[in-house]
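Undergrad: Going line by line, the protein sequences match chains A and B.
Counting from 1 along the first sequence, just add 939 to a position and that's the residue number in the numbering used here.
Counting from 1 along the second sequence, just add 276 to a position and that's the residue number in the numbering used here.
Simulated from the structure, these hints should not be mistaken for lab results.
From the three backbone atoms N, C-alpha and C, an ideal C-beta is built for every residue, glycine too.
Each statement offered as a hint is correct.
If you only want the chain A side, here are some residues facing chain B, beta carbon under 8 Å, derived: (1) P2210; (2) R2211; (3) R2217; (4) V2239; (5) A2246; (6) L2296.
Simulated restraints on C-beta separations: (7) B/D306 / A/E1976: 18 to 28 Å; (8) A/G2033 / B/D306: 31 to 41 Å; (9) A/V1037 / B/D306: 53 to 63 Å; (10) B/D306 / A/P2164: 38 to 48 Å; (11) A/S2230 / B/N370: 12 to 22 Å; (12) B/D306 / A/N2218: 15 to 25 Å; (13) B/D306 / A/A2130: 33 to 43 Å.
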Amino acid sequence: MVWSAGPGRSSTWFNRRWLEFRGSTMGEELGLGWVDGVHGDDRARCLEAYSDAFERREPFSIEYRLRGADGEFRWVIDHGSPWTTDDGHFAGYVGSCVDVDETRAALEEFRIRERQMAMVADLGRYALEVEDEQDLLDVAVKLVADGLRVSLTAVLRLTDDPDWLQIEAGTGWDETKLGTLRVRADPTTMAGYVLATDGPVVCEDLPSEARFQGGPGLRAHDVTSALSAVIRVPGRRYGVLGAYSPEPRAFGEDDVVFARNVANLIGAWVARRAVEEALQESEAEARLAFAAGRMGSWRWDPAIGEVRWSPEMAAVYGIEPGSFQGTFSSFLDHVYPDDRPQVISAVEAATTAEEPFSMEHRVVLPGGRLMWLDGRGAPVRGADGSITGWIGVGIDVTERKLVEDELRNRQLEVRLALAAGRMGVWRWNARTGHGMWSPELEDLVGIDRGSYDGSWESFIAPILASDGPLLREVVSAAAERGTEFAVGYRIRRPDGGTRWIETRGRPLGDGEWIGVSIDVTDRRGAEEALRDANERLEETVARLDTLLAAAPLGFAFYDQDFRYVRVNQVLADMIGLPVEDHLGHRISELLPGFGPEVENVLRTVKETGLPVSDIEVTGQTPAQPGVERHWLANYYPVQAPDGSLLGFGSMVVEITERKRQERAARLMAAVSELLADSPDLDAVLPRAAALMVPELADSCALYLLPRTDVARRVAIVHAEPELAEKLLDADRRWPLDVSRMLASSARLRSGKPVMVTNVTEEMRTSFAQHPDQLELAHELAVRSSITAPLHVGDDVVGLLFLDYTARSGRVHQPDDVELVGALAERIVLVLERSYLMSEAERANARLDLLAEVSELLTVGLDTRARLDAVTDVVLPTFADTCVAYLVGPEGLEVTAGKIADDRGSEGRGTTSIPELADCPAVPVDSVGPIALAFRSREPVLVSDVSPELAALLNPAGPEAEPDFDVRSALVVPLLADDEPLGVLMFGYRAAGRRYAVDDLALAREIARRVAPAVEDALRFERELATAEALQRSLLPERLPVLQDADVAARYVPGGVGLKVGGDWYDAVPLRDGRVMLVIGDVVGHGVRAAASMGKVRNVLQYSALDGLAPAAILQRLNAYFCALTDSDMATLFVAEYDPVSRKIRYANAGHPPAFLRLPDGTVEILDGGRSMPLCASDQSQYHEAQHDLRAGSTLVLYTDGLIERRRESLDVGLGRLRESLRSAPSNVEEVADTLLRDLLDQGAPQDDVALLCIATVAAAEELRLRLPAAPRQLAHMRNAVKGWLARAGASDKDIGEITVAVNEVVANAIEHAYGLVDADFLISARQVGAQIEFEIQDFGRWRNRRGGGDRGRGLDLARALMDSVDIHPGTDGTTVHLSRRLERETGEQ
Amino acid sequence: MNPLAVVTMDDYGPTLVAHVAGEVDLSNVDEIRALVVAAVSHDIECLVLDLTQTTYLDSTGVRWLFELAERLQGRRQQLRLVVDDGALVHRVVNLTQLDQRVPIDPSIDAALAAVEPS
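Extracted from the complex, chain A is given alone in its bound form (with noise of 0.2 Å):
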């Protein structure tokens, strides 16, 4: 709609198509009368921007309500531009009108949702923050209340009694209904139905809705539409979220969205809240469990030198909880002062190594008493492996320390007593011949301590001959009965003296015998001494015996190789053998698991000669297969008298059940130590299962359930990486039957652990689905498994399995069960809480991330920069691939994709699919998502993506490699009123990572915002395509070659939005070298512009032809595009000129000036001949003007892209122009390009930009053609150089040679560097001096000279005939310079 207005602000004109669309007549309109058209609330504004224009004289855009014939106000944008006669007056405005309604409502609309998103956004962040539910409702209604502008609004609540609901919170409501008024919870009310059916509703008319009733309470508020949505809370039912209208309205899908959005941050909030409760109740249980272990947790950041306590450690330490200082030196200062060093190294030592540490230590509890502390500690790891603090634990294990004391202290009271009485002890064993003796018994015979060397050689040799006899005699009975004995008999010291000595022995089976020997010479009487041994004998031997049998001491001897010579019976018992099993073979032989480490340490003991103490051992034995048992073991050397070895005694005392206690508690600690961790699910899921590996599992599998917001998530460890990966790939093939699995057992669907102790080939096969699976499994080998549910309430979330498998052969225990069930309790807390937190987190970023997606579609119009833009930014919230098909003539051709680099969720850095254009079309009737999305034009959703699956998703084909390894994917269309423009794919690489149903709303949010976007820039690029190529076509050729003047023009289309179209410019040939040049901008843009500009270039050439003048042709256009109908406004520089008297006439049609540069450079405004733009009246009248074009000169016709800028007034660009022109080169080519340098900015300009250049030569000065490179332009070219020769004084047989010279090298040219198609190629010539040069330049490259008799000599001729020819091939092209001095004509000399 086209107007336009006097100087006076009065319109003086209108158009049809405004009169049509105002539905009035011309009469009605002109003056002011439009302003009644004008929507009440925009015309003061509007009315102000038109006057305040009018009075600065600038154009403007004014965007107003304009009422239509149908009375129906319509959206549009109003742009007015100043327009002045020729003699400069301000002559009005003309403006044009257009309608933007659609666009206006649809921007409206877009606000709207932009709101109700940050709306949630806010929400979201005001739940993480909130303490009380009360509070959270109270701002979730009036949000909701706001967000769809709705008075009425109601959160209510299922009350104990699950028949009722009550509202708890709500807008619009008497503030006495709220907490008070109760809504039966059954299908018949809107709330019961909602919950129900378990989704959101919609209801448009109350009055007849036949699902279910209106309420009391929305009956006493007249409600006609509403909208609820229910708030779901996992393992139990919450309530239900209400808007409601009075007013009948229609909620779109993004009204639900909305709605089920602040239904879902409620619901995740009040799950966060009950978990946290269930947390605090479970941590006090762990608090008791910890109390009555006597043990506690630490936790230690050495960065900032804090140690925190459990209170349970506090407890332990004897201190009030909360007492504790909270440093390392507060610890220290517990720790019993002798072991403070050897806590300080042994802690050094762990930071150093990085590694666990244990140590045992002793603390000095208040009041003074020493306890023994076995502290043991690990560090933690943040994500990047760096050790961000230690934790540990800290068990009182003074008790253990008291069974040990004691245990040595009665060796050494037996060493005592036996020294007090002149006694010694020995040992003799009949099968091995071997003996030993205490050192008292060195010492009563009277040889060195440790010389005895266990012989019976030795033994006897003290003894007097003549006692010898008797002895043996004694002896071979009680050994031939297996009974004790005694015997008298004396003894030769070495130092001479003889010694009266009483022996009493006693079998101790197996042909040991243990006895006592004592001095009795000293004694009154050999009776006395005799009852008196006896009775320490029998004191010793009580003790012994309780030593050997009655604790729960393993003894054993071993031979110098490792071999059992004596074992007791609790040993015995320990390993599970008889006695007489173990005898004579080695440790290794009977127990190969932990054998050879215990034979490793006896060869320490060897070597040392020095006894190992309480030294840990761990293994399995014959006792108990698969149970993992542990003792505290004593080694030490059995020496012959003469020091040498005997073998080996062992000590052992059986630790299991206080190390499964230990590691019960630490795996507990550590569970909940990953509460402390990052909310992130898929970070703390493989977490946990790490835990379980290798202490209660050498496979651990941890699987969280689908719901409906989440998808599956698996996370599986294995003792070897490789298997675990293994395992990983196998569960995306044949992901785990969850609902079989829990049909199979009712134990596990009671929420109780299930242990299999004996895996059989039947399980295994019952439970592969494949046989490749099958071979995975006997791979695998489990042999006991024990399979957790993880539950909240009665819904199973998730499943744990912890496989034993045959590397460590073990099997789990029944206490195994009861501590796997705990551990699964609190695994499932320390999960929820971080799905609930990152859920919230992820709503927040989602919702984003869509914000982020329609902001950017606003910027740019190019469709690959727009999906460029759109992949970025779904990476990392929504994918960790995302990849951007556009339908095309092959199939669906890859725009944009981004990969992200790192696998993992942590990775930011990401990468373009590199070689998109490499990138095989993808066929639309191919198999895989990306087809089918297209097709069925509904999203594809593939949770989880098998190798097979992956190759077809592959933007580089699926044949490429390497692989595509991609787990989970989620194809969505791109669909423009219902036609698929192409598809979206978004993939997580990442393990654990997958796309559920509830992702398909996110990715068709992301769909529906892209794809008009995407339709926008193609159908613009279809039109800037087609608009560019009309331009173009109508654009002359080629310049017309002028004897003594060059001409150079640019077009440079607009950039940004829908530019080109509207500018032109031609130069055409006439009779006797005159030109006419025309530079000329039809109003608008686009195709349509094109077109219009089209017309004019017809009649023009025709009238330029036809041999009109300018001002004529200008009359005659303007005459024609008036009586067309549907034409728009044109301006048009007409410019005739005359080489002969050097002259330009001219004609303005409401153009921009032309600028001419003077010889001597100064720069004149052409600004004669002005008139009315063409079309603008068809009572236009118009003038010429005229003007001296000299030598030397450079005249310059534009269009006004060149000099406008916005917010800058007109003068500035003009004075801009003239500036640098005044500056520009001489050529002719230099000027259009300084031009165009000086005056656009950066990158395209905003519109588009035509430019006219003609630069008169002086004749002689300098030759330069540029001419097509056709062999008929040779003629041509040879008339312009020997005319230039000519006038540069050169004589007939300088201009022939010359002339064949230049010829060739052309003819050359157009026949080697272009093969005969079209280009141009430049000739300059110049004089220095009687020196000629030339230069031919061309832009390809000169094939090699071939054979003789070719174009070679062409070339040989034109060295021959000037005095140097050089050739310099280029990148671009060859330049060949010729020189050649001239003959001086004898008549001049």
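Following the hints, complete the assembly by docking chain B onto the known chain A.
TA: Chain B in isolation, oriented as in the chain A frame:
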């Protein structure tokens, strides 16, 4: 538009005289070649090319003349060129050593006189 060069023929019995007036270059050499080839029948003994009116001859023209000499020799026909002594064409013929291959005469009469009877 005026053609760049015009070819006219004079029949002297067994000798054919072809006058090439104008400029011969890459753009018209094929055309001139076709005209001359069409005019030279098997029964003539000698072709005299009169280049006295040829104001321009480029290397493609020279190439053509070498080819023509080859061709006529194969047909046992003679070729003679008439070139003005001081003309640009003479310089070209000399520089390309065409005069080593084809006999050059200063006038048509001289050419006709020099035709060897066969």
